[in-house]
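So the chains spell out like this:
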Amino acid sequence: MTAIALQPRVHPAVEGGLQLEVTNVSRETESIVSITMAAPEGGRLPSYVPGSHLVVQWGNGVNAYSLTGSGNAPSEYSISVLRVGEGAGGSLAMHRLCVGDRVYVARPRSAFAPASTATHHLLVAAGIGITPVLSHARAAVERDSTATMIYVHRPDAGAHVAEARELLGPGLIALVECTDRGSFQNVLAEALITQPVGTHLYVCGPVVFMDAVLEEARGHGWSSARLHSEAFGAAELDAGEPFTVHLARSGVRLEVPAGVSLLETLETAGQSIPNMCRKGICGECVLPVLRGAPQHRDLYLSEQEKAANNTMMSCVSRSNDPELELDL
Amino acid sequence: MSSTIIETDPDAALLPERIRRFPFPFASDTYRYSANVEPATKTAPTEAGAWGAHLVDIDEHYLDELAERAKVLTRDPSRVNVLPHMRTAVWDALTTLLSSMAEDYPDTMSFHREGNICRWRNGLQNLEVEFTVGDDSSLPEGPLRFLGTQIQDDIILLDIREDTLWLDAGLVTFAADWSFAFDVGMNFLEIHHPVPRVKEERITSRAEQFLLRLQPGEQFRRTNWTMTIGRRMDTSTETYPEWGPDRTTIADDPAMPEKLHLRVEVQHLIRLPHSGALLFLVRTHLLPLTDIARVPAWREKMGHVLAELPDDMAEYKGIIRYRKAASDWLLAR
Numbered sequence: 004m005t006a007i008a009l010q011p012r013v014h015p016a017v018e019g020g021l022q023l024e025v026t027n028v029s030r031e032t033e034s035i036v037s038i039t040m041a042a043p044e045g046g047r048l049p050s051y052v053p054g055s056h057l058v059v060q061w062g063n064g065v066n067a068y069s070l071t072g073s074g075n076a077p078s079e080y081s082i083s084v085l086r087v088g089e090g091a092g093g094s095l096a097m098h099r100l101c102v103g104d105r106v107y108v109a110r111p112r113s114a115f116a117p118a119s120t121a122t123h124h125l126l127v128a129a130g131i132g133i134t135p136v137l138s139h140a141r142a143a144v145e146r147d148s149t150a151t152m153i154y155v156h157r158p159d160a161g162a163h164v165a166e167a168r169e170l171l172g173p174g175l176i177a178l179v180e181c182t183d184r185g186s187f188q189n190v191l192a193e194a195l196i197t198q199p200v201g202t203h204l205y206v207c208g209p210v211v212f213m214d215a216v217l218e219e220a221r222g223h224g225w226s227s228a229r230l231h232s233e234a235f236g237a238a239e240l241d242a243g244e245p246f247t248v249h250l251a252r253s254g255v256r257l258e259v260p261a262g263v264s265l266l267e268t269l270e271t272a273g274q275s276i277p278n279m280c281r282k283g284i285c286g287e288c289v290l291p292v293l294r295g296a297p298q299h300r301d302l303y304l305s306e307q308e309k310a311a312n313n314t315m316m317s318c319v320s321r322s323n324d325p326e327l328e329l330d331l
Numbered sequence: 015m016s017s018t019i020i021e022t023d024p025d026a027a028l029l030p031e032r033i034r035r036f037p038f039p040f041a042s043d044t045y046r047y048s049a050n051v052e053p054a055t056k057t058a059p060t061e062a063g064a065w066g067a068h069l070v071d072i073d074e075h076y077l078d079e080l081a082e083r084a085k086v087l088t089r090d091p092s093r094v095n096v097l098p099h100m101r102t103a104v105w106d107a108l109t110t111l112l113s114s115m116a117e118d119y120p121d122t123m124s125f126h127r128e129g130n131i132c133r134w135r136n137g138l139q140n141l142e143v144e145f146t147v148g149d150d151s152s153l154p155e156g157p158l159r160f161l162g163t164q165i166q167d168d169i170i171l172l173d174i175r176e177d178t179l180w181l182d183a184g185l186v187t188f189a190a191d192w193s194f195a196f197d198v199g200m201n202f203l204e205i206h207h208p209v210p211r212v213k214e215e216r217i218t219s220r221a222e223q224f225l226l227r228l229q230p231g232e233q234f235r236r237t238n239w240t241m242t243i244g245r246r247m248d249t250s251t252e253t254y255p256e257w258g259p260d261r262t263t264i265a266d267d268p269a270m271p272e273k274l275h276l277r278v279e280v281q282h283l284i285r286l287p288h289s290g291a292l293l294f295l296v297r298t299h300l301l302p303l304t305d306i307a308r309v310p311a312w313r314e315k316m317g318h319v320l321a322e323l324p325d326d327m328a329e330y331k332g333i334i335r336y337r338k339a340a341s342d343w344l345l346a347r
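If you read the protein sequences in the order shown, they are chains A and B. Counting from 1 along the first sequence, just add 3 to a position and that's the residue number in the numbering used here. Counting from 1 along the second sequence, just add 14 to a position and that's the residue number in the numbering used here.
Hints are supplied without guarantee of correctness; some may be wrong.
Residues from chain A that face chain B, not an exhaustive set, calculated with beta carbons under 10 Å [to be verified]:
1. S50
2. P53
3. S73
4. A118
5. S119
6. H123
7. R146
8. F212
9. M213
10. A215
11. E219
12. I284
13. G286
Pulled from the structure, derived: some chain A residues nowhere near chain B, Cβ distances all over 10 Å [claimed, not checked]:
14. S29
15. T39
16. P49
17. V52
18. A76
19. A228
20. M279
21. L302
22. S305
Derived by calculation from the structure, the hints in this document are not laboratory data. Given the structure is predicted, the values throughout are model-derived calculations rather than measurements. Every residue gets a Cβ at the ideal spot worked out from N, C-alpha and C, and that includes glycine.
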């Protein structure tokens with residue numbers, strides 16, 4: 004595909020983000036491609052925390068992919084994408100990208116950060132799970148900390164193997180590749196009982212793989228505070244379901260689409276609502292609710308106030324009912 | 015808070031810059047603690063002018079306050095501390111703020127970065143330096159001391175781990191009645207333990223949740239206030255014997271209107287992009303009552319706020335002995 008992949012409508016999840024140009028596409032394995040993007044005008048991109056992910060728009064959907072660089076003052080962003088036949092289509096769209104295509108991305112988000120106090124990092128990856136772990140390994144090398152990596156992949160199908168090997172040295176002190184389940188079990192069991200005190204473990208891969216690794220670590224006495232697994236978007240609010248608001252005083256009905264806040268909808272309709280943080284904490288954008296059950300997603304109202312359902316924070320909260328009536 | 019419409023007084027153009035740029039914190043005749051955060055770098059109008067367009071604010075006191083900071087640090091090196099795991103965060107803070115200043119003050123400042131090599135020019139100090147990100151020896155006194163010579167703000171860095179925030183590095187020479195050295199290594203709830211009301215009103219836990227959810231690159235701000243006798247920047251616990259006693263005598267001092275200052279902190283909360291640490295900047299502004307009184311709306315609001323403030327809050331702010339005298343003076347104008 005050589006057509007511009009820039010979408011006509013920007014998805015709310017990437018709004019306020021960046022428009023990037025694909026500068027390189029390289030095949031890592033039969034089913035994994037690496038895609039590198041840069042600002043069309045060149046220059047530096049925002050730094051990111053190791054282990055961050057990038058939300059990329061494809062068609063009308065968005066997907067999150069781990070960034071594989073260290074995140075230190077980058078001029079390009081690289082992601083690697085596994086082709087998933089039965090997915091919503093995002094990975095296939097990514098695999099069709101060509102050099103010169105333009106894509107919308109959100110600013111990188113951090114949900115799998117290295118612990119600054121760790122004395123050592125034990126990185127465990129399976130398959131495409133190598134991507135955030137590679138970012139961690141690069142950061143360990145740059146920051147004069149140390150890491151050990153265990154990487155499980157199919158024979159001759161390991162993405163980024165060469166790059167991981169190049170990192171070996173005083174930062175990445177060991178890289179153990181496993182291509183079968185039995186050898187991995189032994190390597191992991193050995194690693195879990197030989198790490199220096201103060202080591203943190205990071206695991207990324209299929210959910211069952213992560214669960215098994217975490218369970219085994221806990222079985223060996225690792226505290227949960229030292230165990231980290233990749234969970235995309237756990238800290239983010241989802242776009243939510245669309246709903247209708249009825250403004251009782253003016254008699255107006257407004258549709259609040261998914262991904263658009265009630266506050267934004269009211270502002271677009273010309274209503275002036277006092278607000279400050281737009282994050283559900285300051286309490287300024289409180290609105291009186293006359294009818295319907297709000298879906299409270301703020302940090303401001305107490306549990307009792309939320310249960311009363313007669314006020315809501317319009318910047319983050321939505322509706323459990325198809326329609327809310329507000330005293331506006 | 016910003017829910018009240020603020021209109022700038024038409025006569026305000028004649029006021030000196032220190033008044034026109036002052037971040038007057040009261041929007042009404044009463045004041046209570048709140049999680050009054052808002053996005054950073056939004057211009058906030060006041061009855062006398064406006065403030066807040068830039069992340070790092072530079073004003074007429076720039077060189078004086080930096081000289082004052084240097085003196086404090088020479089006297090008491092405990093005002094700066096970096097726990098070893100915070101080195102990445104310190105460099106992140108330095109590069110983030112210098113590049114922000116270069117954007118905001120292009121006539122006097124510039125910042126260029128190639129890989130980890132950076133060049134910084136600060137025309138206000140006739141300064142040009144080159145340093146390497148990550149190499150502490152590339153700046154004479156290390157990156158945090160250097161940052162403290164470039165901005166008027168006190169600098170606090172909080173590490174995020176175990177679902178809370180830890181005060182693990184900073185350079186604080188202008189503390190308002192607290193001790194940085196005492197708080198280093200504490201977590202968010204421990205630091206805020208002495209503040210009255212905020213636990214009961216769940217403000218601390220809400221603020222903590224808010225900060226934990228900030229994404230790298232996000233920048234917010236809030237204001238806080240107290241009062242200070244004399245134009246004294248360093249009112250830390252460490253120097254209490256020097257400034258504490260003034261609190262008992264100021265109410266009867268005929269020079270109270272010139273000596274007593276409203277102290278406003280513009281606090282920035284920045285989730286740093288590469289380290290993910292939280293940078294907390296505290297920029298202190300002092301304005302004497304005589305200047306406050308030149309803006310009729312300020313005179314009235316502050317007079318009422320001081321009169322109405324509950325005793326526990328007045329006690330914590332250290333103003334309980336003289337707030338009535340100050341209020342009476344303001345409201346009698």
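Status of the hints after comparison with the structure:
no.: 1; hint: S50; result: holds, 4 Å
no.: 2; hint: P53; result: holds, 8 Å
no.: 3; hint: S73; result: holds, 8 Å
no.: 4; hint: A118; result: holds, 6 Å
no.: 5; hint: S119; result: holds, 4 Å
no.: 6; hint: H123; result: violated, 13 Å
no.: 7; hint: R146; result: holds, 6 Å
no.: 8; hint: F212; result: violated, 25 Å
no.: 9; hint: M213; result: violated, 19 Å
no.: 10; hint: A215; result: violated, 24 Å
no.: 11; hint: E219; result: violated, 22 Å
no.: 12; hint: I284; result: holds, 4 Å
no.: 13; hint: G286; result: holds, 7 Å
no.: 14; hint: S29; result: holds, 23 Å
no.: 15; hint: T39; result: holds, 18 Å
no.: 16; hint: P49; result: violated, 6 Å
no.: 17; hint: V52; result: violated, 4 Å
no.: 18; hint: A76; result: violated, 6 Å
no.: 19; hint: A228; result: violated, 5 Å
no.: 20; hint: M279; result: violated, 4 Å
no.: 21; hint: L302; result: violated, 5 Å
no.: 22; hint: S305; result: violated, 7 Å
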